Every structure is written in C-alpha cells, then in structure tokens.
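Chains as they are written, first to last, in our numbering: chain A, 1 to 352; chain B, 1001 to 1320.
Hint data in this document are derived by calculation from the structure and do not stem from the laboratory. Treat the hints with care, as some may be off.
[As the list claims (entries may be wrong)] Chain B residues, not near chain A, derived (Cβ > 12 Å throughout): (1) Gly1070; (2) Ser1110; (3) Ser1171; (4) Asp1318.
[What the hints assert, rightly or not] In silico PhoX-like cross-links for lysine-lysine, where the CA-CA straight-line distance does not exceed 25 Å: (5) B:Lys1093 - B:Lys1212; (6) A:Lys325 - A:Lys338; (7) A:Lys128 - B:Lys1185; (8) A:Lys184 - A:Lys128; (9) B:Lys1101 - A:Lys323; (10) A:Lys35 - A:Lys323; (11) B:Lys1093 - A:Lys184; (12) B:Lys1249 - B:Lys1185; (13) A:Lys35 - A:Lys325; (14) B:Lys1249 - B:Lys1212; (15) B:Lys1101 - B:Lys1212; (16) B:Lys1212 - A:Lys128; (17) A:Lys184 - B:Lys1212; (18) A:Lys184 - B:Lys1185; (19) B:Lys1046 - A:Lys35; (20) A:Lys35 - A:Lys294; (21) A:Lys323 - A:Lys338.
Computed from a predicted model, the values in this text were never measured in an experiment. A virtual CB, placed ideally from N, CA and C, is assigned to each residue, including glycine.
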Amino acid sequence: MTSRRAFLTGLLASGLVPSPSWADAGDPSYLSAAKTPEGAYVLVGLDDVGAECFRIPLPDRGHAATAHPHLPHAVAFARRPGRFAVVVDCRNGATLAQLNSPDGRHFYGHGTFDAVGELLFTTENDYKNGVGRIGIWDARQGYLRVGEIASNGIGPHDLRSMPDGTLVVANGGIDTHPETGRQKLNLDTMRPNLSYLNSDGVVLDQIGPIQSHASIRHLAVREDGLVAVGMQWQGDNSNSPALVGLHQRGETLLTFGNGTDLNGYVGSIAFSTSGELVAATSPRNGQLTVFSAKDGAVLQSFAEPDICGVAGLADGFLATTGKGKVLGTGMSPYSLTKSIVAWDNHLVSLVR
Amino acid sequence: MRLAFVIALLPRLAFADPRVDAALETHVLPAFERLSQTSQALAEIKGCEVTDAWHVATEAWVAASHLRFGPTETDNRAFALAFWPDPRGGTPKALHALLAKEAPDLSTASIAGRGFYALEFLLFDPNFAENPARCDLMNALAQDASVTSNTILADWQDRYVALMQNAGQNSVYQSENEAVQELYKALLTGLQFSSDTRLGRPLGSFDRPRPKRAEMRRSGRSLDNVVASLTSLRDLAAILSEGTPNVQKMLDVAFVRALEQAAELSNQPGASDFALVSTPSGRLKVEILQQDIDYIREVAVNHLGPALGVGAGFNALDGD
C-alpha cells in the first residue's frame, strides 16, 4: 500500500515535480553532530568556510550523519549503542522520519545512501547473536525498513557506497552488548575485516588487517573506488602497527601512519576532493596527519587539542574539534571559526 | 642562575611527577603484589577446600581491577582473570566444555572459562556441585590465575613502572602529564564501573529489576566487591589529590559518605547479593549508594581533573 506521503516522496525523488535541493537548505557543504554548552545535542550544517547554515535538535548524542545525494535530507545517527536515527529536512529542521532499530538491534552510528538516494543502509548489532547486520530502509517509502543483510563480521561501524553501487563495510571485530554498554567482550578472539558486499548481501571481497587487534573502524571512498581505512589498536600504544590503510578491491591492503604516533587511535579519515591526499585525525594525541594517497608519505602533521572530524576540500581538508574549532588545512593549518559547541567525531561532506 | 643550570643537567627521572611515584609505590605495586601472593596461596591448595582462599584472592583482584592499562591489557591478561560481565552466559558454557575434557589445556581454552568468575561458578553454582572433575578444574584454574597474576606483577616491575616514571621520554607516555592522566582515568573508570555495572546491572529499571545480573551473586560478594573497589579507589584519589588539600578533603568526604551508605546497606537482608533490588525500599538504598558513587565521580571530574591539568576531551574519550 502506498501512503500519500510515500507517494509524494516518490514523486519528489523521481523529479516529476520541482524538487527541493540542498540550495534551499542554505547550501551547507558539511554536516556534523555537536553538543551545546547547555548539554543539548544537535546536528549542524556548515558551509565551506565553517559558518553555520542550520542547527537541528537531536534526542541524544549523535555520532555521524549522512546526506541524501540530491534531496536536502540528512540522516543523523545516534552514538553507539543508540537505537534512533533521525531523517531531517535541512531546509526547516522538520523531522521527516525517525528510524528505530528493530528489536534485538542497535545502531553503530553510521549509514549511507545508495547513489540515487533510494535506499539507506545502516550498520547494526544483532546483539543477541553478536553478529553485524546492515539494515536497509527505503527513502521512497518514508524510510520504511525493507530488509537487512549480514555485515559478514562483528561490530560493523562505518559503511560506504562504492562507485559501482556495491557497499564497503568496516567490521571492527569487537563484540559488545547493550547490557554492558561499550564493554569489549571478545578482545581475545576479535577478527576485524573490510567487506565488499552487493545489496543482496553477497560477499564480493573481504580482507583482514595484518594484526587482528587493529579494529577497522572508519572509511572514505575515492571516485575510482580506492578505499581509505582508519583503524584503532586494541593494546599498548607502543606495540601499535600502522593504522591508516588504502585498499583497492582485489588487491592487498597498503598500511601506513605510525600507530604509536597516533596514540593507537584514528578517529576519522577522509580524502581531499582532488583525491590526492588522505587525512587521519587522532583526538587522543590531538593531531591531524595528511598523507599522500599514492604511497602513504606524510606530507603534513599538526597538533590541535581534541581534533577529530575531517572532510575533504579541493586542496586540503576541513577539520573540527571537541573544543569548537573549525580549521582548514592548506600549506599550513588556519583557524576558520570558533564556536561554543563541541563538534562530535565526524564531519560529513555533502555529495554534490 | 647557577642553580637553574645544574637543574637543567640533572636526569629527567629526578623530576618524575611525585604523584605518579607515590601511586606506583604505595598503590599500584602493592595491589598487584597482593594479587600475586593471594593467587599463589589459592593455587597452592590441592583439593576442594578453596573457598576462603578464593575470597581473599578475588578481593585482591577487585582492589586492582581499576588499573586496566599496560600490563593487565597485554595478551588479555585481565580478561583471563576476570571475565565479567558476561551477557551471553559464556562462562558456564566454557566450563562445561572444560569439564568434558580429560586434561584441558587452559592456555588455549575460551577466556570466559578462566579466572575468578569461572572459579565462582565451580564453587557456588549448584549446576557444577556434583561434577566429579570440578575440584581438579578448580585447581587448574587457580594455577592459571596465579601464573597470570605473577606475569602482570613482573611486567609492572620490569617494564611499566619505568615507563610511567619516565613519562615524556617514551612512546607510551608521550608527555609527562600522560602518566598522571592515566591514573586519573583509572580512578574514573573504577568509579564508573561500580556505578554503571556493579550496581546498574542488578538495578535494571524500576519496573524490571535484574538481581540475577549482580556481580558474583552466587558467592554473595556483590556488595563486598563494591566496598573493596571503593576502598582501593579512595587510596588512589588521596594520592592524586596530594598537593591540593581542598580537593583531597572533598574527595575523602565523598568516599566516606559512599562507604557509610554501603555499610548501612550491608545490614539489610538481601544486600550481599543485591537480591534486595527487587523490593522498593531495598532498591532505593542501592540507588542512594549509586548516587553517592556518581557524586565522587563528579567531584573528581570537576575538581581533581582541573587540578591535575588533565581535562577529558569530548572526542578523545569517545572511543569510536
């Protein structure tokens, strides 16, 4: 049965009526969750010099967000182990849909649309069985849940759409259960992996890190399908392997980025829009490092307390900190804005 | 002028943070020494009469259980001593698997079937009481826990004490402040674990209390563990706040309040295993203890953290 709203959404999506676009939302270039000084949680749209375009309240702490490819819809995901995701109309802050994880599932904090904006995919924990799932929601039907597939690992955190329409999933490998919060239940046996899936859940390729305690957590995808991965080391920093990786499907994982220097922890990863650079942030030692996407050579590194969110600019990156700063990187870092909000983990680039 | 020059030439070791030195000498090393000694005493008993020694060693573990960094995290040592909470019931499953084998190799066994929590099942759970292999397995698990505890202590003595004392000159602690921050984090983690997990799990919700989720309820150690942890954390808090008497006083007052509430609670029927969370009045008393612990944490975050210069980053602490 087609509801009126779903019908209208479908019309909008099909372009039969003049559809609203991101320009109607004040033309934000980036999205980020944040915490206000009063302790409220919000989703914020930022333009490409870090100025606020809009601010929309969230029911609890967010983590990442994802933007619809052409409609001015953003989906903000609850911080793990949250059970909500909110689809907001970024023109006016209206809630278009609230996604609740089904019984026995919670969200991990990331999601992605397919290239045409019809389906939304979310990473989820089937916590009774301790296995990862990918939830599938239909944007044309008011974000109705229409199915799910196996993530083919434990603890799927980030996932992205590939240029060929497939999915790439970072299965972090760490088992948790909402009864015990974020407590890691399987550090002795964890086996993270990077999985390439089609939307039917068929595994097209799967690789593991060189060491099983390097949890593959965050992803960025270049136009040609090169995948950048950010890892988090579960052990002593002094033993940490390299925590940044580049992977082309069918090939081996190239790793770089000294794990000890990154304090064993990469918070976010991004490609520059030119695709020539990869940036990794480590909030634990307050550092952003820029690498060459060709060979992993370190091109730039600077310190900034609690830096975490990062997204591509043409010739560099925009980055955010838990202390309210928005910074640009170029030849040298420059401060753009300073807000009173604490920017949360991820700065999300709008696909346009 | 000359003095400044001389000081500049002294080895950096001489300037190790006095709070770190004091914590290592009077808190960390004694806690792991005691764990090692009591685990060994438990391992030396052959046969089935290990209950008393198990209580003593378990208490020593709880008193050290907030120090979850470095030596306890290498090779999953802490997990091999203490696999809890266990939301999927991995411990009884792993124990049944071990009991079914002739001479099980513990070093390759599921970590859920090892350590003090697994021993508690064998000692107190009626499902295991009749198993003929029970005492042999208890002796083997005690031996295994003793080896793990000794390894943790040796790692502290041979490696980790020096790393913390020489913070700022090694890759684990990249600045001097990071060692203090590590101990501060351990204090907060310990308080949070007692509030959220030791108390929060059995409290469940008002409509649905979950007394069977209490830590070590079979042996009736649930409340004892909270007290053992608070007592140990009180020592650490006093050491870290040395040099800021106001903060030290506030913290100690807060600890005393929580410990008094725990003592009052212990007089109630059903307190030792938190069975009393199922009654409204019992639940209230446990909630008050939880609030008292949260208050200690608040004092630490609002006063001790700033005094130590170790603010907690919004993203740095997120862990995702």
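Practice task
Measure nothing beyond the straight line between the CA atoms of lysine 1249 of chain B and lysine 1185 of chain B; if it is 25 Å or shorter, mark the hint as holding.
Solution key: Distance ~20 Å between lysine 1249 of chain B and lysine 1185 of chain B Cα, so the pair holds.
Handout entry: Given hint lysine 1212 of chain B paired with lysine 184 of chain A - CA-CA distance at most 25 Å
Key = Between lysine 184 of chain A and lysine 1212 of chain B the Cα gap is close to 21 Å, so the pair holds against 25 Å.
Exercise for the section: Could you grab the alpha-carbon distance between lysine 35 of chain A and lysine 325 of chain A and see if it respects the 25 Å cut-off? Expected result: Satisfied, since the Cα-Cα distance of roughly 13 Å is no more than 25 Å.
Practice task
Mind checking the alpha carbons of lysine 1212 of chain B and lysine 128 of chain A for me, to see if they're no more than 25 Å apart?
Solution key: holds, 18 Å
Problem - Pair hint outcome, lysine 35 of chain A versus lysine 294 of chain A [Cα-Cα no greater than 25 Å] - result: violated, 36 Å
Handout entry: Restraint check for lysine 184 of chain A with lysine 128 of chain A, where alpha carbons must lie at most 25 Å apart
Key = Between lysine 184 of chain A and lysine 128 of chain A the Cα gap is close to 15 Å, so the pair holds against 25 Å.
Handout entry: Pair hint outcome, lysine 184 of chain A versus lysine 1185 of chain B [Cα-Cα no greater than 25 Å]
Key = With Cα atoms ~17 Å apart, lysine 184 of chain A and lysine 1185 of chain B stay inside 25 Å; holds.
Practice task
May I ask you to check that glycine 1070 of chain B keeps its beta-carbon over 12 Å from the closest beta-carbon of chain A?
Solution key: violated, 7 Å
Practice task
For the pair supplied as a hint, lysine 128 of chain A and lysine 1185 of chain B, confirm whether the alpha-carbon distance does not exceed 25 Å.
Solution key: Violated, at about 31 Å.
Problem - 25 Å Cα cutoff - pair lysine 1093 of chain B, lysine 1212 of chain B - result: holds, 17 Å
Practice task
For the pair we were handed, lysine 1101 of chain B and lysine 323 of chain A, check the Cα-Cα distance against 25 Å.
Solution key: violated, 56 Å
Handout entry: Straight-line alpha-carbon gap lysine 1249 of chain B to lysine 1212 of chain B, limit 25 Å
Key = Outside the cut-off at roughly 37 Å; violated.
Violated hints, listed in ascending order, are 1, 2, 3, 4, 7, 9, 14, 15, 19 and 20; each of the other numbered hints is respected by the structure.
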